[in-house]
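Asker: Sequence:
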Amino acid sequence: MLEGVIVEAQAGLPFSLPARDEITFDLKVEDNKVLVVIEVASEAAIPQVIRHLRELGGREELSYGSWVQAFVPILQLEKLAKLPEVQFIRAPVRPVFDQGSVVSEGVKLIGSQPWNHAGLTGRGVKVGILDNFGGYEGLLGRELPPRERVTARSFRSDGKMAEDEEDKHGTAVAEVIYDIAPDSQFLLAAFNTDVEFRQAADWLIDQHVDVINTSLSFRSGCFTGPGLLEPTIAKARQNGVLWVTSAGNDGDSHWEGSWRDSNGNNRHEFSSSDETLTLDVKLFEGEVRGEKRAIAVFLIYFAWEAPCTGASDDYDLVIFPEEAPSVRAKSDWLWRSGIPIKWIGVVFHTTPSQVGSVQKFSVVIEKKRAAASPARLDLVIFECLICLSTEYLTPQGSVGIGEPRISPNAFTVGAFYQSTGNLTSYSGRGPTKDGRIKPDIAAPSHVSTVTYGRYQGGQKQGFTGTSAATPHVAGAAALVKQAFPHYTPDQIQKFLEDRAEDRGPRGKDTDWGAGQLVLGSVPEQAKPPSAPSGLNATAKSPTAIDLSWRDNSDNEDGFKIERQPSQGTWREIATVGKNTTSYSDTGLNPSTTYCYRVRAYNAAGASDYSNTSCATTTSLNRPPTADAGPDQTVVVGERVQLDGSRSRDPDGDTLSYSWRFLAKPSGSRAEFSNANSANPTFTPDLAGEYLIELTVDDGKGGQASDQALVTAIASYEFEGKLTQGELGRLPLPDSIRNQLPAVGVRFEERPNTTRRGRRSDSLATVGLSLSSSTGTIVGTPTQAGQFRFLIDALAGEKWLAEIWAIVTIAERIPTKPTADFVASPTDGEVPLTVQFTNRSTGEITSYLWDFGDGSTSTEKDPTYTYRNAGTFTVKLTVKGPGGEDTKIIPDYIRVRGIPTYEFEATLEQGTFGKIDLPEQIKSQLPTVGVRYVEIPKVTRGGRTSDSLAEVGLSLSESTGTIFGTPTKYGKFQFLIEARSAAKTLAEIWAIVTIKAQTPTQPPTIQVAPERLSFRTTFGGANPAAQTLQINNSGGGIMNWTAVADKPWVRLSLMSGTAPPPVTVTVSVEISGLDVGVHEARIIVAAPGATNSPVIVPVSLQITEPMPSLLTLKFTQLQLITDTWERSLRSGCVVYKNTTSLGKLQLVLTNGIVQEMTVPAEKEALVCGDLAHLEILGEPKALSAMSSDASRLALKFTKLDLGDPTAWERTNREGCLVYKNIRSEPNPVKVTLQDSTAREFAIPVESELFICGDVIHLDISVRR
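Mind the numbering: the sequence shown is residues 436 to 1698 in the numbering used here, read in order.
Just so you know, these hints were derived from the structure itself, not from any lab.
Any given hint could turn out to be false.
As the list claims (entries may be wrong) - Straight line, CA to CA, 27 Å or less: simulated DSS-like cross-link-like pairs of lysine-lysine:
hint : residue 1 : residue 2
1    : K943      : K670
2    : K1406     : K1548
3    : K514      : K1633
4    : K1597     : K1571
5    : K1654     : K1664
6    : K975      : K543
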């Protein structure tokens, strides 16, 4: 869809929708910007994509996951799509709504009223609805809940709850749910696109809704694997949400089958003899581009068996009228390439006189990739206006690829007529593509609502479709959730399925699911319990009253107890479990009257109250309150201060204090400084827990106690030593480690902490760290001195001990380096490679080697190659923090030179020969293991070596033999090295004289191939170039020339020498040549050659271009050939040519006689005084025709109008019309379907027409 928008914008055409006759799925355009969804490679890349979007003049609306919804300038779409972060740009996908004071008739059918009367009204249950909600505010408090129980939020980019007030689909859904569960809390989430849908669903989940209703679907599922929206639906189920959704209305518009193609023409066979699915359609009156037309409207969805990502482009869907099969509409990707879902949205239109006629339209499935495996196919004719009949419909499987309805995490609802009880013909059937049963249940449709009116039969069907059935199930689910608050989505679904009335085949089936929705009788546990009776209140003490009552129910979940003090209000004070008949109310005030009442409750509600019973507490001294102070953790030997001064007496009595140890470590002798003081102290003498109790007494018999826990931990200390700059470690001493638990101990440093007068240092500041698992201090110290580090030993959150590490770090004194080295070998021939090995000691930071021949190295153990003979002194200098040292070994390396030999030989040009290495040289070399290597183009000893290859010679690596057929003559010197492994044994100079050749036979011209043939189309591009190979198959050297006898033949070379063979490129230039076969010759000649010259024929065939469409006004027509077949069509005479070429003659209105050639199987259509022809090429006499006598029609791919302000654009009879409004002819450029470019000049006030991919224009002034 977007590609068409881009093409029209690039062509400079004024942009309008629909641009052609496709349905654009509400493509939204504002100020030459189009609303799209950008699929980004990752969520992290979204900010960068938005930055590029803004730079290109676009604006983002919202983002979700890796999707960005945005307005993008049309001409910038391709640039944005090329960003590496952008995977794909597509149009937004919108949902299909399954729809085809007032109470729904379904309320009575499903039996929800008895549940409502029993108190089950959805109270406390949240129901979310994903839809559009036009006019909902006008129904609040009447057909919908009051405003305080409705939360509405728009996720649409325009912020509205619907496109307009007439978009009331979701409002009707909410009406039905309100009829069933009137006390539920409603959350209305409005959306428009797939991205907004995901955001809205996430919001409902975050709001902890119990039920979600979607009376809609997206074509987003696939044959294999989860659909595009499945993660969102599964997330809801995982969060305790029952997602109730419609089964769709495709039951009477669906076809499903497997690919069949017995004749191999890549078209699916719907039956053994039929490759088309035929639709009988009644044309109706409509408006196309401002003109009344007879139209037919189609919206078709198509999918094939493949996973939801990475699918190949294997199939296409095509629709066309049977009377005009060339007027075709082809499917396009619905989402993007790789997701195997396509769609067609198209309006076919013709003259208004056809309104009311019945036309046949054919639907064809084509395989695009012949190698594609046969697959299952799915097709839904979602919109067909006005369809009278459709072939091959298959209701089974019509839930198709719709989401959420095919999801295993959705509760899918089919529809039956509430008036008859029969399943609707359109209700979506199962199974799913992976064989699961859908729908799950069926509910009533065609019901009454305020939004869509009352059901009265006939044309007044009320609220229809599976859209109307779904909210009945959502409302019923809300009642079940209230009755059983702890039910999961699976349990609610099972409850409703178990109670459904089985209507289809026994058990759950693919038509009715579990059956017709019936709530059935109210569960006993869902009825409010009976009120308790016989409540009796008895005062037991100044602070307590006992209650008892009689339990009159067996279905209560418990009892709620309420209390009213004298002069006070009733307040719930306790809840007790079921079957309980007594309760003790404590903590009361003395001498106070309290009244009580009790009622039973369960999930369905509460009973009436019991009788009221009152009692008065007795008077009594009020006891004190003890407070032993907070728990403490201290180190052994550290004094603990206890504090009981926060103890209080409500009567103001003086308190006495008594402290005691309830528990302390075994062997401890710790004692209080004064056990009867409010603030005693004691000193822990052993590590462990000291549990202390404080008892306070008011002297009047009132006592109270409180406890405090003091934990004493051990304190350890150890010393250690490290050296600055050296890696070291200080493990925890065993004497300390053994005092701690064997496992589960964690060690943490406490730097810069003061305890009992001494402060800890920080390990990190001196370059050390602590192992948390072992307590070991490790690292390379950066400072010298004595330091104190504090370590706590912990077990979980429990403090076990403190450890002080006293560490002395000694200053490091660097050692002076001592230089030393060895080398190997130290004696050998040029080139000599020596490995030097450093053996220096001490602290070393740098090395400097001097090899004695002017070369140096700073490597530790260098390798060096001596390339000159001599004796060399080697020196190594090493440096470090302690100083430097040098070692010199005089005359350490001895390098000897290699021998040089020379010999002479003679060869003859053009004659194969060889030169063996002289025996006196070979005898100086080893008998085995010698390899000979040529060293060309080098200078040694003042002379430069030649190259064997340049004179046609080669060298034997194993024997040193020179061999070959020399191509040059003269005196040459070649350098050969004799080598053993990587060692050079000797260098050998071969001085070779090559004598000039004396020919023994004359040259012979050899040319291949013997002829050249070229082929192209008139007006097209030059054909591809070809090559000739010219060689000498005789003797000697041949000097050749080549020439063409026609100027349209071009040669890349016209002379040369052979051997070696030469390749010549031959091309042709067709400009100025007519249609037909053209002949030329290439003459190759060589002086002295036995067969000179050689002729190479060249042929060039120029064929007619693709046919042109032509409309001519004529006075007389004569059929020249007898190859015509005559018929009548739509008031015109049709002449069809039945052979290869048909000829006819026209006398035009200006008197010109024109002969035309019509290709095989093409037609001449004669309507009144106009002849419509498809001819080969353009007639020769067209330039002489007047402008009102002829018009050319051409199939084109691209149109360049130049200055768009020079044209006036209108619509006429389904075509775009451009009128030249300049005061001079206006140029246009047209690219035809064979890629040739043509230029025309349109006269002043003249017009050109664009009808589909055909352009009609006046050709009297063609340039």
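Asker: All the hints need checking, so say for each whether the structure fits it.
Answerer: Each hint tested on the structure:
{"no.": "1", "hint": "K943 <-> K670", "result": "holds, 26 Å"}
{"no.": "2", "hint": "K1406 <-> K1548", "result": "violated, 86 Å"}
{"no.": "3", "hint": "K514 <-> K1633", "result": "holds, 20 Å"}
{"no.": "4", "hint": "K1597 <-> K1571", "result": "holds, 6 Å"}
{"no.": "5", "hint": "K1654 <-> K1664", "result": "holds, 15 Å"}
{"no.": "6", "hint": "K975 <-> K543", "result": "violated, 55 Å"}
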